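Residue numbers (the working numbering), protein chains in the order written: chain A, 2 to 309; chain B, 160 to 372; chain C, 6 to 658; chain D, 18 to 497.
No wet-lab data here; the hints were simulated from the structure. Every value quoted in this text rests on a predicted model; they were computed, and no experiment measured them. Don't take each hint at face value.
Said to hold, decoys possible - Reference listing, derived: stretches of chain C covered by chain D, where coverage requires no fewer than 3 residues with Cβ under 8 Å from a Cβ of chain D: (1) 65-77; (2) 163-174; (3) 177-190; (4) 641-647; (5) 651-657.
Heads up, the beta-carbon is just placed ideally off N, CA and C, and yes, glycines get one too.
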Amino acid sequence: MNITPSSAIAFILVLLIAPAVAGVATRTKSVLTGRQGAPALQLYFDLWKLVRRGAVFSETTTWVFRLAPAAMVATTVLAATLLPLDGRMSFIRFSGDAVAFAYVLGLGRFLLVLAALDTGSSFEGMGASREVTFASLVEVGLFLSFGTLVVVTRELSLSGMLGMPFAHHWAANAPALVMISIGLFALLLAECSRVPVDDPSTHLELTMVHEVMVLDHSGPDLALILYGSALKLAVLGALVVSVLIPRGGLPAAGSLAVLGGGLLAIGVGVGIVEATMARLRLPKVALYLAGASSLALFSLILVLWTPA
Amino acid sequence: MTHSSLQLLLLLVVLTDFAVLGTSRLSACIRWIAFQGAILGLLPLVTEGGLTMHVVALAIGTVIVKAMLLPGFLRWAIREAAIRREVEPLVGYMGSMLFGAAALGAAFAVANTMPASARGSLVVPVALVTVMIGMVILTTRAKAVTQVVGYMMLENGVYIFGLTLARRVPFLVEAGVLLDVFVGVFIMGIVVFHINREFDSISAANLTELRES
Amino acid sequence: MILLFIGLGMVVSAAVAALVVRGDALRDRVFATLVVAGAGLASVPAFRVLGGAGHLAARWPSGLPGGDLSIGIDPLSAVFLLAALAVGAANAVYGAADMRAGATARISRQANAAYAVLVVTLALVVTAQSVLLFLSAWEMMAISSFLLIMTDHHQAHVRRAGFIYLVATHTGTLLLFVMFAVWSRGAADWSFASLAAARPTLMWGGGPLFLLALAGFGVKAGFVPLHFWLPPAHAASPSHVSALMSGIVIKTGIYGILRVVMLAGAPPAWWAWIVLLLGALSAVLGVLWALAQHDIKRLLAYHSVENIGIILIGIGLGALGTAYHHPMLAILGYGAAVLHTVNHALFKSLLFMSAGAVYRMTSTCNMEELGGIAPRMPITFAVFLVGSIAIIGVPPLNGFVSEWLVFQGLFRAGYSSSALRIALLGAPILALVGGLALACFAKAAGVVFLGRPRSARPLAAREVGPAFLFPQLALAAICVAIGLMPAAILRPFLFVGATIAGEPQAQLATAWADVAPDAQHIAVFATALLLVAAVIWAGRRLVLHRRSVRSDATWSSGYGATTSRMQYTASSFAAPLLSVFGPLTGVQEHRGATVFHSVPRDLILDRVVAPLWAYVRRSALRLRPIQDGRLHFYLVYVVATVLAFLTYLVVTQ
Amino acid sequence: MLELLIVVMPLAAGGLAYVLQRARARSALLLMIATLHTGAVGLLWVRPADSALGGWLMVDDLGLVVLSLVSVLFLVVAYYAAGYLRTQTPRGGRAFVSCLLAFLSATSLVALSQHLALLWVGMESTTLAVAPLIYARNDRRSLEAVWKYLVLSSVGIALALLAVFLLATAQPVDGGSRALLLPDLISGASRLDPWWLRASFVFALVGFGTKMGLAPLHTWKPDTYGEAPSLVGGLMAGALTSCAFLGVARFTQVAMAAGLQTFVRPLLIASGLFSLLVAAAFIIGQADVKRLLAYSSVEHMGLLVLGLGVGGIGTYGSVLHLINNGLIKGMLFLTVGNLVLATGTSVVSDMHGMLRVRPVSAWLLLVGLFAVTGSPPFGLFISEFSIISGAIREHHPWVAGATVLMLTIIFAGIARMIIDIAYGEPTGADDELSSGGERASFVVGPVVLAGIVLLLGLYIPAPLRAVIGRAAASLGGAAP
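Starting from the given sequences, assemble the full structure and let the hints guide the process.
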C-alpha cells in the first residue's frame, strides 16, 4: 500500500463523482434528443431514496443473492485501487496487476450472475446468460490493450504503464495508443451495458441485459448495484482517460482536474453515443465486440512488429 | 556304371511322379507310389561307395516300409472305409500335368544356381521335382487318401536327397526318419478312416467347419 | 527416504486391510487411517527436499536388462509427490464413505484396495529414477485406475469408457517404449542419470524424442486432441476416483513431459512453440466443450482439459525461455506450470467431491434435473463455490496466483526483443479462457445449486456427513491459504521451475527478488478485497436492520403462475455463447415449442477416433476369407511361401 | 547320462501309463514323472554339462532355456491335468496320459539334441504325440482339426527334413567335422558351402516355421487350439512352439556363425512383421476366445523371429520372450479352460460377467490380459521392450514403428474381448452355475505361472541372466 495525498484525493474523487458520470450521460442524451430528462444528479437522489427503503427477497433466494451486491461494489472499489488515478501511482501496485484489475471485476460479475440464477426466474437467467456472454468477449479486447501497453512501455504494472513516463511513449506510438483508446471506450460501453450493447432506459425485459439481471434486487441492495455499475463506468472511464491523456508531466492538482474533466467527458461521450446510435440486435453484439477487440489487436501487432 | 544307373533310376522316379499325377484310379495311384518306394529302395545300392552293411539294411528297410507296408495299409483303409475309387481332382488332370511340368522347370532352374561341384548330378532336381509334385497332389486332390499319397511322394522327394548322403548320416537317423514317416502315415490313415465314418464322404474338401466366419 | 517406503508400505497395507478386515465400519476406518497416516509419513522427505535437503535416492539391483531399479526424490518429484499424497489421502477418506453409501461391500472392498494401489503407484511414478521402474509404475497406475473406472461395470457406457481409456493409455505407454528406446541408444544403462548423460547422442537435437514424449505423455495428460478418453472415463468412475484421476493421474503426463525436459535438456524452440499452441488450443476448446456439457462430471472433466492447456502454456513459456536464453521466463514458465498443476489438483478434486456429494444425494449428474440444492446442502454448496472461484482464476483464491504467474510469463515474453514477443498473443487467449470459464462455472454452480429444483430428485437432498465434508473443507482451506499468502509458497515453486530449466541458483535468486514483492502485494490486495466486502456487507446489514424485510415470490414481470420448468436451463444458459463459436463446440440443438435442449458431441472421439477404429476393423475383417477352412488353400500358402523364399534365395545370389 | 534319462524316462512312463488300469494311478504317475523331470532339469543347472550318445545329446544354453521352460510348464499342466482327469475322461484317459508323457519325452529330445537330424526326429515325434491329444473328443470338429494339423505340420516337417539334408550337403565331404553335429557345424562354419547353407536355412524357416505357426503357415493353429482341450492347447502354445522356434534358432546359429547375417536377418524380420500383421488382423473382432489365443500365439511367434532378425539386444529379448511367452500362454489356456468348463463354450457372446460366475479365474484372465500384451511389470514387457529397443538400436526404426502399431491394435482386440468376458452381467445360462466355487487344482497352476512371469518382470536371477546372455550371443545377438 502506497497512499499519497494526491492518489487518495483522486480515489475519493472517483468514488464520489461516479454517479454523476452516469447522470451526465443520461443528461446529455436527453438534451441531444430534445427531451426534458432527469437532472444530472438524479442518481444520487435515487440511491438516497433506495437506502431508506426496506427490501423484499424472493423465497427461492439464498445468501448468495444478498452477498452479491456488496461483493460487486467491493470488487469495483478494489479495481479502482489498482489504477494510478492521479496519473502517478496507484494504492496497490505489482507487476501484472492489470490481470488482477480485469479478474477482480470478473469476480463481482460472477457473484452477480449467481445472484440472478438464485432467483430461479427465466428473465434473470436470460440476463445473466447474456451478461457472461458479452463479458467473456470483452476480456479479449481488454487484454489485447493491456498487451499493447506492456509492449509500448515495457512495464508490467498499471502504475508503471500509465504513470510518469507515459507521455514519452505517446510520441513514438501515437497511432497504436489512439486505437486502443477507441477500443477501450467501445469495450467500456459493453462492459457497463450501455448502447449499443444494452439500453438501460428500455422497459421491455426481453431486450435487457444488465437491468433484467438485477430485476429482483430491491432497497439497499439495488442501491449497491446501481452505485456499483456507476462506479464501474467511472473506473473504466478513468482507465480510458489515463490511456488517452498522459498526465505524468502535470502537477497533482492539474492531473486531478484532468481526471475529473475527463470522466465527465466520458459521460458526455456515452450520452452522445446513446443519442445517436440504436441498440444492436443481440447476434450483432459479438461482431461489435470483435471489432473493438480487433482495433486493439491491430495496435498490438503494430507495436510487436515495430520494436521499441 | 553306377552313375548311369543312378541317373536311370532317378528318371524312373520322375516318371512315377507324373504317373501318379496322371492316373485317375485310386488303386493305381497307390500302386505307382509303391513302385516309387521300391525304386527308392534301390537307390542307395547304386550310389558311390559300394555295398556296405549299412546301405543294404537301409535299402531293405526302405523297400519294406515304403513299397509294402504303407501302400498295403492305404489299401486297407480304402477297403475298410469303402472309399469310392476315383481320385476326384479339384484341378483337371491336364491342369495338374501342367503344374507338374512347371515344377520340373522350376526345379531345374533352382538346380542351375547350384555350386559347380554339385552340377550334373540329377539328384537335386529330381528330389525337388518330386517334392513339388507331391505338393501339387496335396493341393489339387479332394480326397484325404490322395493327399496322403501326395504327402508320401513329398516325403520320397526329401528321402531321395537323404539317400545320397547315406554315408554321412548314421543309420540310427534313417531308422528314425523311416519310423516317423511310417507312424505319421499310419495315424493319417486312422484319421482318414475316422473321417470317412464321421462324414460318410472322404472328400477333404468338406472339412471346412472350422473357419473365420 | 526410509520414511517414504514406510509410508507407502502403510498405504499398501491399507489395500490389504480393505480386502481382509471384517466389519464394514471398522474396515473403512482402518483403511482411511492407514492411507492418511501413510501419506503423511511419505510426505516428510518430500518436504525436506523442497526445503533444500538435496536429492534423496535408493537403488535395487534387479537382474533386468538396463541396470538397477533406482528411486529418488528431487524437487520436481517432491512437488508432484506432495500433491499426489495430499489429494490421495483426502479422496481416500471421502471415497471410503462414498463407496460405503453407494456400493455393495464386495465392490467397495475391491475399489478401496485398487485405490490404495493407485496411490502407491502414483508415488512410484513421480519418484522412479530408472526407465523400467518408471514404466512399470506407470502401467500399474493405468491398470489400477482402469479397475477403478470399471467399478460400475454392469452399465454398458462404463465398460465402453473403460475400454477406451485402457486402449488410449496403453497406446501412450507403447509410444513411451519407443521414446525410451530411442533415448537409451547412446546410454550406458536405463537409469535416468545415464539418459541425462546420453543427451549429446540424441539425433536431430532430440527433436524426435521430444515429440514422442509429447505424444506419449500427452495421451495421459489429455490435452486436445488426445483428450478423447478423458470425459467418458471421468463420467463413468466413482466421484473420488474422478477426483484423483483429474487431480493427479492426468498430471503424471505433465510430470513426464517436465521430467523429459529436465533430463534431455533445453528443447528446441519449435517444440516450445508447438507446446504453446497445443496449450492455447486445449485451453479454449476445453472450456468451450465444458460449456456445452450438461453432465456435471463431464463438465468438470472438460475443464481438466482446459487447465491442462493452461499448464501447457506455462511449459511452453518455460521451454521458450530456455530456447531464447531468457532465464527469468524459463523459471517463471515452468514454475507457473507446476504451481497451476498443484492448484488444479486441489480445486478440481474439491469440485469433483462436492459434485459427487450431490450425485450421492440425488443420484443424477444431469444438471437439467438439478437445481435448488443450495438450501438443502449449504456446506457442499459453499465448498463448491470456493472451488469455482478458485478454478476461474479470480482473486482472492489460489487459481488467480498461478494464472497471474502465467500472465507474468506472457507479458515478460512480450517486451523481450526477440521473436519470443509473439508469445504475448497468448495473453488475450488466456483471458478469453478465463471469461468462458467464468461463464461455465456460473452455469454449473447456478444451475446445479441455485434456483428451484428442475425435477423431483433434488427434493430428497440432505447435507452429507462429516466423512464427505472434512476432506473438502481441508482442500478448500489450502486453496484459500495459497490465495491469501502466495509469498509463502511461491519460492519453492520457482525453485522447482529453476531445477527443470536447469538454471543456476543465482538466476533463481534474481527471479525471486523480482517476484517476492509482487506476491506480497497480491496478499495485500486479496486481504483488502475481503475487508472492503466485509465492511460494505456490515453496513448493509446495519441499514437493513432498521428496515422492513419481507420475502415473497420472485418478481416475474407481473406473471403469476411461474413454474420451475420456466427457469433458464443449462442448455439455454450456454446457448448464446456457444452460438458465437458455432460448429467448434460440436453441440446439436433441439428447439421445440415447449423445450430447448442441446446435445454435446466430442469432436475428436465421435468424428475422428471412432471412425478410424471402425475403418481398421473393417479392413481387418476383409482379410477373414484367408482363413476359410479349406485345407487345400492352406497348403497353397505353404507352397507360395516356399516359392517366395526360393525366389529370394535365387535373386540374392 | 542325465540327458538320456530326461528323454527316456517319460517315454517309458508313457508306455507304463498305457497299461495302468486305474485312472488315479495314471494321474499319480504323470505327476511323479513331471516332478522327476523338473528335478532332473534342475540338476542340469547346477551340474557341469557332459554329453550322451557321443555328443548327440548335450545341453547348451539355448537348449537349457527351452528344456527348463518345457519342464516347468509341463509340471504345472500335469498338476492341472490331475484335477482335470478327475472330471473329464478324454480318450478314456489312458492314451491321453501316455501321449502327454510321450510329448514330454519328444520335446526334451528336441531341446537336448545337438544332432540336427535327431532334433528333427524329436520334432516329428512331438507332432505324432500331440495328434491324439487334439483328437480327445471324438467328434467332427476335433477330427477336422486333427486332420488339418497332421497334414500341414507333416508337410512342414518334411520340408524341415529337406533342410537338414541340405545342411548336411553343405558340409565338406572330407572328414574332420562330424555330420550335422551342431558344435562341429558352428566351429567349421567358415568351411560350409554358402549355397547349400542358404537353401537349407530357407527350408528350415518354412519347415519349423510351420510348426511354430508363423503367418502364413499358421492356418492350423486356430483350429487346433480351438478344438484341443485347453491344457493341450497350453502345452502346444507354450512348449511345442518353443521347440519349433529352437529348430529355427539352431539353423540361425549355424547361419550366423557362417556370416550369413545379411541373408538371414531380412527373412526373419519380414516373416516376423507379417505374422504380427496377420495376428492383428484376425484378433480384431475375434468371436472365440481360444482362437484369439491362437492368433496371440502367432503374434508372439512373430515377435520371437523378429527379435532374432533385428539382432543385438533384440535377440536377447527374443530369448527372454521365449520363456515369458511359453509360461503366460500356458497360464492363459488353463484359465480360459476353467471358464470354458464353466460355460460350456468358448464363444464370447455366451460368456459375459465371469467376475460373478468364476471370480478367481476371471481375475486371472484380467491379469493374463495385461501380462500377454506386454504391460509392465510383467516379464513380457521386459522382453518386448528389449526387442523394440533392439530394432531401434540396430537401425530399424520403421520395424519398431510397425511393431508398435501392430501391438496397439492387438492390445485393443484382446482387451475388448477380455473386458467382455470378465465384466458385465452373466448371460442367462450362467446364472445356474454355482457362483464362486472353484477347485484349487484348477487355479493353482495359472496362479503359479502368472507369479513366475511377474517375477521375471521384476527380477532375473544371475544364473538365468548369464544363460540367456550366452544363448543370445550364440544367436548373433548381444546381452545389454
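Discussion item. Run through the hints listed earlier and report the numbers of any the structure violates, in increasing order.
Written reply: none
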